[in-house]
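Quick mapping for you: the protein sequence lines, in order, are chains A and B.
Start counting the first sequence at 1; every next residue gets the next number (my numbering).
Start counting the second sequence at 1; every next residue gets the next number (my numbering).
I should point out that these hints are in silico values taken from the structure, not numbers from a laboratory.
Glycine included, C-beta positions come from ideal geometry on N, C-alpha and C.
Not one of these hints is a red herring.
Residues from chain A that face chain B, not an exhaustive set, calculated with beta carbons under 8 Å:
#, residue
1, Gln16
2, Leu17
3, Lys67
4, Glu78
5, Leu81
6, Glu85
7, Ala88
8, Tyr95
9, Ile97
There are 2 protein chains.
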Amino acid sequence: MEKNIEISLLYDFYGQLLKEQQRQAVTLYYNDDLSLSEIADQLGITRQGVRDSIKRSESALYNFEDKLGLYKRFREVEAGLYEIETLAEKLKSDYDIKTVEKIISTAKSLHE
Amino acid sequence: MEKNIEISLLYDFYGQLLKEQQRQAVTLYYNDDLSLSEIADQLGITRQGVRDSIKRSESALYNFEDKLGLYKRFREVEAGLYEIETLAEKLKSDYDIKTVEKIISTAKSLHE
Numbered sequence: 001m002e003k004n005i006e007i008s009l010l011y012d013f014y015g016q017l018l019k020e021q022q023r024q025a026v027t028l029y030y031n032d033d034l035s036l037s038e039i040a041d042q043l044g045i046t047r048q049g050v051r052d053s054i055k056r057s058e059s060a061l062y063n064f065e066d067k068l069g070l071y072k073r074f075r076e077v078e079a080g081l082y083e084i085e086t087l088a089e090k091l092k093s094d095y096d097i098k099t100v101e102k103i104i105s106t107a108k109s110l111h112e
Numbered sequence: 001m002e003k004n005i006e007i008s009l010l011y012d013f014y015g016q017l018l019k020e021q022q023r024q025a026v027t028l029y030y031n032d033d034l035s036l037s038e039i040a041d042q043l044g045i046t047r048q049g050v051r052d053s054i055k056r057s058e059s060a061l062y063n064f065e066d067k068l069g070l071y072k073r074f075r076e077v078e079a080g081l082y083e084i085e086t087l088a089e090k091l092k093s094d095y096d097i098k099t100v101e102k103i104i105s106t107a108k109s110l111h112e
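Same shape as in the complex, but just chain A (with noise of 0.2 Å):
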């Protein structure tokens, strides 16, 4: 198993739908980088079904964001609203009409 920064960006976004125990084990596998056997051992479970539980919830969590996109979506807002500020960050030292163009015409592709 290769342990993937997508996962826990996707873990922070949509892990409230999975289920108690593999919340756990995302969180002891990928935030606090435990190894399967260490987590087996502290869940209680064998090493194979910690193993299960966090592939069951990578698919889930994949799963979530094909079907719903809101992540990719997010990441986009983000994007948009970094480069609002960086424009009007310039307008304080240098107006100029264009830059307000691009502001509205920036925050008007981020909304419906």
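Please build the complex by placing chain B on the supplied structure of chain A, with the hints as guidance.
Quick look at chain B alone, frame taken from chain A:
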């Protein structure tokens, strides 16, 4: 059963996580405004089956939002983006450093 605008909004957000038959029942009931009996005929299940399916779907949609809160979060971001647009429109005719600062603080408040 009372038809509820909130359910339609949550359905647009989380509907893809429902089962296929639940999606059909919710869509026919909330979007197409069919009666339970009409939906029962169309799906080939009992009227009580339709009612149960819709009730379960409603619970599931509320549960997704209780756990994830993403719909609320999106609504807040949308409101903030409209505010940014309004502020920037104001800047076009009336440049004012305070308005620029407000755009920056609004954008900052909307992301982590």
